[in-house]
Amino acid sequence: MAAIEIRLPVARKLVVQSLAQGSDKHLVAPGDTITTDTGYMRGHGTYMGDEKLVASVAGAVERVNKLICVKALKTRYNGEVGDIVVGRVTEVQQKRWKVETNARLDSVLLLSSMNLPGGELRRRSAEDELAMRDYLQEGDLISAEVQAVFSDGAVSLHTRSLKYGKLGQGVLVQVSPSLVKRQKTHFHDLPCGASVILGNNGFIWIYPTPEQKDEEAGGFVTNLEPVSLHDREVISRLRNCILALVAQKLMLYDTSIVYCYEASLPHQIKDVLKPEVMQEIVLETRQRLLELEG
Amino acid sequence: MASVVLSEAEKVYIVHGIQEDLRVDGRGCEDYRCIEVETDVVSNTSGSARVKLGHTDILVGVKAEMGTPKLENPNEGYLEFFVDCSANATPEFEGRGGEELATEIVNTLYRIFSNESTIDVKSLCINPREHCWVLYVDVLLLECGGNLFDAISIAVKAALFNTRIPKVRVLEDEEGSKEIELSDDPYDCIRLNVENVPCIITLSKIGCRHVVDATLQEEACSLASLLLSVTSRGTLTCMKKLGNGSLDPESIFEMMETGKRVGKMLHTSLQKILDKEESLGTTRQKVGFLG
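Here the protein sequences come in this chain order: H and G. The numbering of the first sequence is the UniProt record's numbering, which starts it at 1 and goes up by one. The numbering of the second sequence is the UniProt record's numbering, which starts it at 1 and goes up by one.
Calculated directly from the structure, the hints in this document are not laboratory data. Bear in mind that the values here come from a model prediction, so they are computed numbers and not experimental data. Take the hints with a grain of salt, since some may be wrong.
[Said to hold, decoys possible] Simulated crosslink set (DSBU-like; lysine-lysine; CA at most 35 Å straight-line): (1) H:Lys270 / G:Lys264; (2) G:Lys11 / H:Lys98; (3) G:Lys286 / H:Lys274; (4) H:Lys184 / G:Lys11; (5) H:Lys249 / G:Lys276; (6) G:Lys272 / H:Lys249; (7) G:Lys11 / G:Lys264.
[Unchecked claim] What the simulated footprint calls covered on chain G by chain H, stretch by stretch (three residues with Cβ under 8 Å from a Cβ of chain H suffice, anywhere in the stretch; the number is not a length): (8) 15-23; (9) 28-34.
Virtual Cβ for every residue (Gly too), placed ideally from N, Cα, C.
Chain G on its own, in the form it takes in the complex (with noise of 0.2 Å):
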């Protein structure tokens, strides 16, 4: 992971001034940095949204391709996802050295995804034991400014929310073999429903109190932190602890309280954005990379 090397002072400041919850750049405990969203910026995937949360940049594409489904799931398409950390990120990216980070933040996007309660993957077969919609969801990491496994989640959701894929009819010929007929209409496509798509919320634990959307500099004061995954209705689906220090199971039952609340706000200002984007249409200005 990227991080910032601070001297014994500036830890010692920014762990007091949390305790008396006034973060370095004024935010409470519970406070997220700015973001900004924006859906259908990669014209040749099914869906694709970037995140950009405070120095933090996340691109994220979905492409839609005609699988055979899995054997223990035949009825059901599947997703699969890929992680880049690029090394327009930090210079530690280059070559190899992201692979680490991008195998992690993998397994734990295929954890969560696991649900099946997440995604209707049964909307996603074709034909039973023979044809599936596979969704290669595709992560780009653009720059690394802490907390990115919340931006990566935001993405994913946005870019779920905005995939389409196009809708098939399955025909069958006089012998009784299957033929798979796309429709002429570009735009007749089918939408995932993205509502039980949960959230990730990282609470790093600094000092006696947590953080949440913490900074480069904030993790490097942070011994221990949980990542939790949150549904827009607040339920937890998943839970891991990254870090080398230790948690007190007191402090983990507050972090769980406190990722169910923020969780819940995040899912409603998300799916407000995600609506009123939707709203524009086409006649939105679409920003890009090079506004």
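Bound-form chain H, shown alone (with noise of 0.2 Å):
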């Protein structure tokens, strides 16, 4: 029988800075100057005001030759073609989703960017247009990949590969996009028994890693077995850990959810949400990062 703990709160301390990899980076808060030199081009996140460089969001500055912007720390997701995105369908249109994003306005699926059962290309009939809420509904989370980006900032997602599609069981989480590093491939099987998709906009899906790879279905057949208690314990475990990370502020990659999951095995699973485990964790994690990069 668990004891219902309740505690006091603590103040928050300062993130300890000398852990930091690297050199300082410079933040700005919004209205900051960044400098005063009028040779530079002002990127995203600065506006010229008063013969000086100001920042107009919190971030921190990036410099490249002359080009200067801020890349700010909290947003919503800006899409750049390429991502790899998993979203949640709010509406259905006459031929196309609307996806939510974590973005300002919410994304588009067209009927034709979405694959087809089996894999077939041709073109969408009447009949696909009748059928599209057989495909996807409301509340349905999918992985797919930005193809475009229109003028006023939404983002046109395609599901054109067999590794794309509706998503079966499992945890979402949602962190801010910041914290999400970019890297090759977000699709990662990790060591510990689950399989987990880094959505750049900051949507986390972990599942139960798929016995075979059945390609002809694509994700249109969704499979609601219950799934073991073991995969349930390594996803409840895992989805504790992102969150501790998320909490510390530390960047979401394959290699550090690896080690954060294997720094919490020594904790119940439902001990690694309190806030001391929380550090206790994410420092033995940041650790042993920098040991790897030095």
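With the hints as a guide, bring both chains together as one complex.
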């Protein structure tokens, strides 16, 4: 019988910067002057005011030759072509689906960008349009790739490969998009026994690794069989580890997640969310990552 | 109520997990999330408390004001509840969106506190039929993360524990008119006895089992839930069913047993933390909202 834990709140402590690798980042808040030198081109997150370059968002200053831009630490997802995203269908419209991806506008998935069962390639007919709801309904989760970005910032998605499509059983974790590191691949089969999709938009999908890679399905047939208890424990532990990394503002990528998982093994799954355990685990993860680099 | 949309597969995953006593965050069916309680956060109230239960954030303020007793109970003071669902919690609460939920919470709170053994309202009376203390309890919903009723009841109990009502003396004049004199010492006050104030335990039925402290995702999978108000001795004072689904009488009995068990544990933990906070005295570092 577990006791119910009630505790008094503890003031947050500043994260010790001594463990930070590389040079100190130039952090700015909205309204801070970046530079008074007028020779620079201004990029995203900045504006010209009174002969000086001023930041309009809170974040770190990035400089590439003559271009200065400020990369915000906490924003909505800004789509770029080629990103992998995990989204939730919010509306079914005439020839497209509206997908929520934590961006300023809902993303669009056109019917013609969706792969049909069996991977066949043909022109979409009126029957396909009427059967749209059989493929994807409101509330369904999909993994997709960004095809194009419209002028207003809305993102157009496509699921033209068999690795994308509707997602089955698993757990979704929503984090800030700036915490997901850009990598070559975002689909990982972790050694601990589960698979994870790190969406660039901050939606992270954790699911049990499918036994055989059934290529014909392409995500249309959802497997509703019960997941084994061992797989569930791995998935729950991964979810809690990801939340611990996010709470301590560590970048999320496959190595950091695996190290955090290994560091959390001595603790019980539900204890990982306690503040003191979170700090301990993430500290160990940070040290291991520093050892890996240095 | 704030809710999330889930896909069928996600719901199936959650339901199967609960059958095996392993919820998405690793908890068992009878485990609560980590609760943080802090009292005396609002300085211009007679008592206040803030409770954080996972992503649910509740602020309760109690103001004691002088009023006239109600006609049917001339020797007692009374409590008035007000709930504000702030738009901070979810955009659905903007404007009048949160009114339905607020009315539901207020009615539940009135029902629980209508029992005369909950709070000694006779001690709130100053002059029978003329003057009494009215406790205005205001609840503010800052964030909705599932399990609202439990968090609100914990916050109300903590705020009432923290309430300090100034001591007043009634002086009789020669002509017979009564005067009320407030004591000069600001620390001279009466405290309320919150031993019998119940806590609400919400049990959500998911699949064949029931869980305590459901998150928003779990609430989306449950068709029916039972709201029980349990005192520190394990007595059930009030019961209410929420949701569109039906409940089997067998499962209602099981849920009642679980509720009583969990309720007793919750009360012990809460009383322990309130006593610990009290013992820290004025040297306690207040965290508040900017900590």
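Here is how each hint holds up against the structure:
1. Note on H:Lys270 and G:Lys264: the hinted pairing holds, with a Cα-Cα distance of about 22 Å set against a maximum of 35 Å.
2. The hinted pair formed by G:Lys11 and H:Lys98 meets the criterion: a straight-line CA distance of about 21 Å does not exceed 35 Å.
3. Pair hint G:Lys286 plus H:Lys274 holds up; C-alpha atoms about 21 Å apart against a cutoff of 35 Å.
4. Between H:Lys184 and G:Lys11 the alpha-carbon distance is near 32 Å, which keeps this suggested pair within the 35 Å criterion.
5. Proximity of H:Lys249 to G:Lys276 is assessed by CA-CA distance (about 32 Å); at most 35 Å being required, the pair is judged to hold.
6. Between G:Lys272 and H:Lys249 the alpha-carbon distance is near 33 Å, which keeps this suggested pair within the 35 Å criterion.
7. For the suggested pair G:Lys11 and G:Lys264, the alpha carbons sit about 31 Å apart, so the restraint of at most 35 Å is met.
8. Check result for the segment 15-23 of chain G against chain H: holds, 6 residues qualifying (beta carbon to beta carbon below 8 Å, three or more required).
9. Coverage of the segment 28-34 of chain G by chain H holds. Counting CB-CB distances below 8 Å, 6 residues qualify, and the rule asks for three or more.
When held up to the earlier numbered hints, the structure conflicts with none and fits them all.
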